[in-house]
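Could you build all of it, start to finish, from the sequences and the hints given here?
Sequence lines, in order, name chains A and B.
For the first sequence, my numbering gives the first residue as 1, with consecutive numbering after it.
For the second sequence, my numbering gives the first residue as 1, with consecutive numbering after it.
The set of hints was computed from the structure by calculation and includes no laboratory data.
Every residue gets a Cβ at the ideal spot worked out from N, C-alpha and C, and that includes glycine.
One or more hints might be untrue.
Chain A stretches covered by chain B per the calculated footprint, using a threshold of three residues with CB under 8 angstroms from any CB of chain B [as the list claims (entries may be wrong)]:
no., segment
1, 5 to 14
2, 19 to 29
3, 42 to 54
Listing some non-contacts, in silico: residues in chain B with all C-beta distances to chain A over 12 angstroms [to be verified]:
no., residue
4, LYS13
5, ARG88
6, ALA91
7, ASN138
8, GLY164
9, THR223
Chain by chain, the residues:
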Amino acid sequence: MLIEFPLKEEHKIMIDLIKEIGETYIKPYSLEWDEKEAYDATPIKALAQADLFGLIIPKEYGGLGFGTFEMCLAVEWLSYFCAGVSTTYAASFLGAYPIILFGSKEQKERYLPSIAKGEKLCAFALTEPQAGSDAFAIKATAKKDGDFYILNGIKQWITNGGIADIYIVIALTDPAKGARGASAFIVEKGDPGFVVGKKEKKLGLRASVTTDLIFNDCRIPKDRLIAREGMGFMVALKTLDYARCGAGAQALGIAQAALEVSLKHAKTRVQFGQPVYQFQAVSHTFAEMAMRLSSARALVYSVCQYIDSGAKDFSGASAMAKCFATDQAMWITERAIQMMGGYGYMRDYPVQKYFRDAKCLQIYEGTNEIQRNVIARELAKWIKV
Amino acid sequence: MGRIVVCIKGVPKPGTVKVDKETHTLRRESAELILNPPDRPALEVALRLKDQTNFEVIAISMGPPNMVPLLQKVYALGVDDIYLISDRAFAGSDTLATSRILAKALSLLSPFDLVVMGARSIDGETGQVPPETASLLNLPSITYVKELRFVDGKFIAIREDDFGEEEVEFSPAAVVSIVPEIDYVRPPSLKRLLSLKEITPKILTNAELNLDEASIGLSGSPTQVADVFEKTLVSRGEIFEGEPDELAEKLIEVLKEKGFLA
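Dropping the structure here:
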């Protein structure tokens, strides 16, 4: 657009590759997947063969060893083609982060190579029917039984439910201790007592799969515990700190696509004898869209670079990136529909899909209200009086 | 571990090619080259065999030095090695001379289990090179293959012809040509794309092939091209405007004038 962010050669190569994948395996089909609410494994296979599931996996486990910035560039440009596909992709990183950040050497050796190759998809399961924003209200339990843990409970709205092979599940090992009694576990598809519930019907992100997970005396070996007992929320919150930038990156891709499609339309749609872009009410709206998108991008990129520079505490920063960028995407996609009038509203055109997809970004991975709580909390720590 | 050699071709991107008015051949050096589209499924078939049975896959191409980036891109798809067969003496080769050069290069890469090619090139559209090369190598030629498997030391191919499909079982080695219709071709690998600067093709010139110059290049090509010309706009369409009745009369008049109506 109007700002060319300085990117390294390797970033340009990666973005070109994602654009090739988007044009070939996603763009011709994305409206159909959305219409039919269908998950198609083909683009996921292509991303796997392109090594893109290995982006953040350390090199010693077969990945590329990249950081948050590269992960976000990939998610951004994938979202430009279909945020449903990018949700499947990004949610797999959400499930991989706990193993990368907190897994034992044995767990890393066992799981990361196949995650890097894209042979195994991941999912992250924290939310429960009564525990959304109030994550500490989870009720799922994991009871130690000799060399095993026995899991019971329900996880709700889990992205990649059923299509993932590896699930990170947060459950209470010591319910009496509340949040300090939660632990993180690796559950594998096919573990006894683990079943996948119904597939949800969604407003947007319809090419991705969201389901319940049901644990009914699910017996897993004790070496599936990540870190130590009681570390569950530490694992979950750190994972979300990293992954929130991914939601911000999704917002950039969707908003970029919405801006491009609606701008092309406004420059060619003639009303009252001239392209509607010539009307100031329209062109000023685009000027505003461009400013909002560019500032969101600048924020997301700088937070990624802050994280990759080795920052220790970045909850507030990643909350800002997620909250600001996704709010801008919601505004931009809504305006993009308005700038296209009836064409924007029709399901033959993609802009209404961008609008529906963008809505979820303000809700998942922590609602934007919760993000503001986090930002306010961190700000209060910053100025001590 | 067996070896599969995939022969690929760089073809001028439609609209970018110039014609040499003296030799009636395409001036490939000046054109922007793209991978001959039917070669992508050929590579995919070979790479799937590599995935399943751990074949070594080598891509070779005869062409000018500007083929190097294309061969690198093919490397990024997952082949193990790339070769460029390039020499001024090869320029202007027709399908027979090309097949002689490929056959000689392939014999230097022997032993191999399979040679795979796209069924035809979108610039020449002859489809002759795969069977000609097979014949020169004294190997079976299996054309228009849409599916290929390797089971118990034998290849099983499903080939398509005008009358339907047939299953052909054959022992290594053979030359197969692949039809372009395939459900999926893989994208390049990011790891390989990031390492391309270190990857250069091995070059085979006529010093290595040692072919008689009378049998290759323009002089070794029995095909006599009467003419090759660039598309030019010779006449413009005419647009008539007016009322429907007038236009209908005008159209009838023109059709009569041209002899389409009595």
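Would you say the segment 42 to 54 of chain A counts as covered by chain B, given the rule of at least 3 residues with C-beta under 8 angstroms?
-> Coverage by chain B holds for the segment 42 to 54 of chain A (8 residues, Cβ < 8 angstroms).
Q.
For THR223/B, is the shortest CB-to-CB distance to chain A above 12 angstroms, so the non-interface label stands?
A. holds (36 angstroms)
>> Please verify that the nearest CB of chain A lies beyond 12 angstroms from ALA91/B's CB.
In response: holds (32 angstroms)
Verdict on GLY164/B as a residue remote from chain A, using beta-carbon distances over 12 angstroms: holds (28 angstroms)
Please check whether the segment 19 to 29 of chain A has three or more residues whose CB lies within less than 8 angstroms of a CB on chain B. Since three or more residues must qualify, the claim that chain B covers the segment 19 to 29 of chain A holds, with 4 doing so at under 8 angstroms.
Q. Holds or violated: is the Cβ of LYS13/B farther than 12 angstroms from all Cβ atoms of chain A?
A. holds (16 angstroms)
Beyond 12 angstroms from each Cβ of chain A, as asserted for ASN138/B:
Non-interface label stands for ASN138/B: nearest chain A Cβ at 36 angstroms, farther than 12 angstroms.
Beyond 12 angstroms on every Cβ pair: is that true for ARG88/B relative to chain A? holds (33 angstroms)
Quiz prompt | Given coverage of the segment 5 to 14 of chain A by chain B, checked by CB-CB distance under 8 angstroms (3 or more) | solution = holds (count 3)
Taken one by one, the earlier hints all hold for this structure without exception.
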